[in-house]
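So the protein lines, in turn, are chains A and B. In terms of the numbering used here, the first sequence opens at residue 1 and continues consecutively. In terms of the numbering used here, the second sequence opens at residue 1 and continues consecutively.
I should point out that these hints are in silico values taken from the structure, not numbers from a laboratory. The reader is advised that the hints may include incorrect statements.
[What the hints assert, rightly or not] The calculated BS3-like cross-link candidates involving lysine-lysine, where the alpha carbons are at most 27 Å apart (straight line), are: (1) B/LYS110 with A/LYS65; (2) A/LYS229 with B/LYS38; (3) A/LYS336 with B/LYS110; (4) B/LYS133 with A/LYS336; (5) A/LYS123 with B/LYS38; (6) B/LYS38 with A/LYS301; (7) A/LYS301 with B/LYS301; (8) B/LYS38 with A/LYS47.
2 protein chains.
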Amino acid sequence: MPSLSNQEPSSSPSADRPVRVALLGFGTVGSGTYRMVKDNQEEIARKTGLAMEIVKIGIKDETKKRSLPSSLFTTDLDELVVSDEIDVVVELIGGEEPAAGLVEKALLAKKHVVTANKELIAKHGSRLITLAKDSGLDLHFEAAVGGGIPVVQPLKHQLAGNDVIKMMGILNGTTNYILTQMATHGADFADALAEAQQKGYAEADPTNDVDGIDTMYKTAILAAITFGKQVPLEQIHREGIRKVSYADIHAAQMLGYVIKLLGIVEETKEGVIMVRVHPALIPQTHQLASVNDVYNAIWLKGDFVGDLMFSGRGAGADPTASAVVGDLIDVARNIKMQGSGSAIPYGQDMPTSPIEELESRYYLRLTVEDTAGTLGQIATAFGRREVGLAAMEMRTKVGGLGEIVFLTHVCRELDFVQAIGEVGRLGCIVSVNNWLRVEG
Amino acid sequence: MPSLSNQEPSSSPSADRPVRVALLGFGTVGSGTYRMVKDNQEEIARKTGLAMEIVKIGIKDETKKRSLPSSLFTTDLDELVVSDEIDVVVELIGGEEPAAGLVEKALLAKKHVVTANKELIAKHGSRLITLAKDSGLDLHFEAAVGGGIPVVQPLKHQLAGNDVIKMMGILNGTTNYILTQMATHGADFADALAEAQQKGYAEADPTNDVDGIDTMYKTAILAAITFGKQVPLEQIHREGIRKVSYADIHAAQMLGYVIKLLGIVEETKEGVIMVRVHPALIPQTHQLASVNDVYNAIWLKGDFVGDLMFSGRGAGADPTASAVVGDLIDVARNIKMQGSGSAIPYGQDMPTSPIEELESRYYLRLTVEDTAGTLGQIATAFGRREVGLAAMEMRTKVGGLGEIVFLTHVCRELDFVQAIGEVGRLGCIVSVNNWLRVEG
């Protein structure tokens with residue numbers, strides 16, 4: 001492998017010289033990106049006025065068999081990101097380190113950066129964007145949220161004139177696949193997860209997906225772009241889908257709802273935002289309700305644009321490559337127009353509101369003793385806490401038991417939680433099976 | 001009104017001096033734009049680093065009562081677009097002239113241009129984009145397609161690395177409202193149109209909407225952006241929705257389909273595109289099928305991104321203003337970064353394919369004499385023309401008549417049309433009521 005040191009000094013990309021790209025990481029997205037740049041070379045040249053070439057690929061394991069010439073690969077990533085041979089670094093390693101260190105190093109060495117790394121941007125976005133901006137460099141991360149769906153840049157550009165009132169996203173394909181399987185086949189969580197793992201949609205350790213961590217990173221990025229503030233992750237309320245059972249999905253269906261894992265950002269009062277990730281009921285008629293399987297979608301309401309939805313494939317080699325190459329095209333255009341570094345750093349100081357302050361509608365599923373007076377006791381307990389009931393389904397089960405499902409009117413989360421506590425202590429209650437928020 | 005001549009020479013917008021915008025036209029979109037720039041001034045300054053001010057509004061009728069100071073208005077549009085007092089012209093007059101002349105004049109006077117005018121861009125886009133590019137100016141037209149839905153810029157940027165395989169859009173709110181009303185209330189076209197007119201969704205002369213002209217302009221723009229070629233309008237096959245009856249919508253529903261007016265762009269073979277506008281059946285499970293009322297949506301399939309959909313409000317003062325202001329923000333950013341004029345002119349020479357060469361599935365509704373042998377004669381006639389039948393619904397009507405609905409397999413349009421001709425001449429056929437293409 002030829003050394004990367006002692007290169008000629010960097011010149012600007014021009015008609016004579018292509019934009020030189022280095023990939024860090026050559027997994028599915030890396031090889032998808034390589035293939036897309038190769039396959040659509042002409043298209044890209046026509047749309048940017050510049051040729052683009054992937055000149056080097058940084059990898060960890062040199063011994064793996066690969067179909068490309070070995071001269072294309074290097075294991076010295078630290079040297080690669082500062083090399084005079086390259087103009088743009090595409091970071092596809094994922095995770096916090098070494099990605100964060102390498103991206104910072106690349107920016108300090110005056111390389112533009114494109115990344116698909118949601119954890120990196122959720123945790124270090126503010127600092128890295130400021131660093132890029134101050135150096136007149138581009139730092140793009142369209143692929144970090146919603147895979148191939150254009151949402152990061154449209155929020156920064158075409159929708160930038162709007163005050164975003166509320167944003168809700170189905171941002172994780174694995175959990176959406178699991179919930180869809182549960183709903184269509186009456187499967188329980190464990191079975192649907194096992195099937196998703198078998199199909200390669202879920203990892204052996206599914207924590208990152210099913211506990212909402214992946215969705216949290218993406219929601220944090222959406223919040224940052226929209227409100228100009230990097231939200232500390234500990235200020236994001238997060239619940240995953242492990243507690244959702246088929247009984248909940250079925251009860252929701254009876255009432256005209258579906259259950260989705262949502263990342264939600266909204267301005268709860270002037271200058272205060274709430275960011276949260278949890279499963280929620282949404283009406284079957286809501287646009288997000290028909291986004292199934294591994295598809296992702298971002299729905300938002302802006303003060304001028306009204307409601308808007310983007311949907312598509314949120315993950316996978318090719319859709320993610322589409323977003324990465326879209327970013328590369330923008331980097332190339334900006335190089336040509338000498339307009340790099342137009343990012344807007346997150347400069348807003350906006351407090352976040354804790355989940356206890358949420359005002360929402362709620363779903364509750366109880367198992368009760370099927371005796372006279374049960375419903376009266378429960379309804380009275382809710383009434384005492386100012387929680388109004390909007391809908392109810394009741395079913396007798398074998399063994400003298402009954403199941404009751406409630407939907408409440410809008411109330412304060414604090415009141416609702418306290419009401420559940422009181423209801424749970426009633427003698428007629430066998431178990432409080434689950435409760436969920438209702439959106440839309 | 002103060003004269004616009006004899007202004008000081010233009011300086012660049014800076015921290016001290018806002019980007020000065022002139023509006024041409026002050027109808028609903030114009031006043032929406034004015035209000036949005038005012039309401040979201042801080043937001044815009046934060047996101048662009050530049051203040052923005054609407055300094056002048058060009059109008060036709062000086063005598064109309066308006067709530068803004070009269071010094072803001074001028075009726076001399078020709079002078080306004082070349083004035084040293086302004087940096088950007090926002091053209092909201094609509095139609096071909098005087099809009100085209102004014103936009104050209106503005107570009108020649110080194111003004112950036114934002115327009116919501118689909119007819120202008122569909123007819124003169126190629127020339128005007130080249131003119132803007134050559135002068136280092138921005139010419140943006142996000143609002144011309146899909147109202148507030150970001151689609152023009154995402155196609156140019158985030159999706160630019162893709163080969164677009166097919167694109168289908170519900171691009172006209174009026175016709176989508178009419179078709180939705182017909183489907184939900186069993187209304188006929190004339191009644192649904194009358195209701196849309198009453199509600200202000202359709203104009204007194206509805207031709208532009210219901211005959212697909214508006215959709216044609218928007219489809220032409222989508223084709224131009226995607227394939228880099230301005231398609232002559234006479235090469236676009238166009239049919240409106242006047243011929244769609246409730247009987248068709250009902251028959252489609254029985255077979256699991258809905259009827260939508262679609263603008264469709266696809267590469268039918270290597271280097272050849274077909275652009276067409278017509279009502280079509282799409283499966284109830286297709287994402288476009290649930291886009292109802294005045295909502296618009298653009299669905300596309302790219303070689304890497306897979307299938308993707310954008311939906312939202314396609315018209316109205318506020319959503320359109322959202323797109324106009326998004327464009328203004330980009331213009332302002334480019335001014336600040338000195339990166340204006342990055343548009344890619346349409347330089348591709350791509351032949352278009354006529355509708356006769358389409359290969360599609362078809363829907364056909366016939367009234368027949370309810371006698372033995374009828375079905376056999378029809379099916380035989382189709383078989384002779386190599387048109388395979390995929391689904392059929394048959395119903396006896398009063399008076400010895402029957403109605404038959406067919407869906408075909410994929411066949412050549414030419415063969416299908418000839419087969420219908422032959423079928424129509426059969427003695428057992430009372431009338432060929434309608435036929436439509438089937439998509440998705």
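Hints, verified against the model:
1. B/LYS110 with A/LYS65: violated (56 Å)
2. A/LYS229 with B/LYS38: holds (23 Å)
3. A/LYS336 with B/LYS110: holds (21 Å)
4. B/LYS133 with A/LYS336: Measuring from Cα to Cα gives roughly 13 Å; hence the hint holds.
5. A/LYS123 with B/LYS38: violated (34 Å)
6. B/LYS38 with A/LYS301: holds (19 Å)
7. A/LYS301 with B/LYS301: holds (25 Å)
8. B/LYS38 with A/LYS47: The given pair, whose Cα atoms are some 35 Å apart, is violated under the 27 Å limit.
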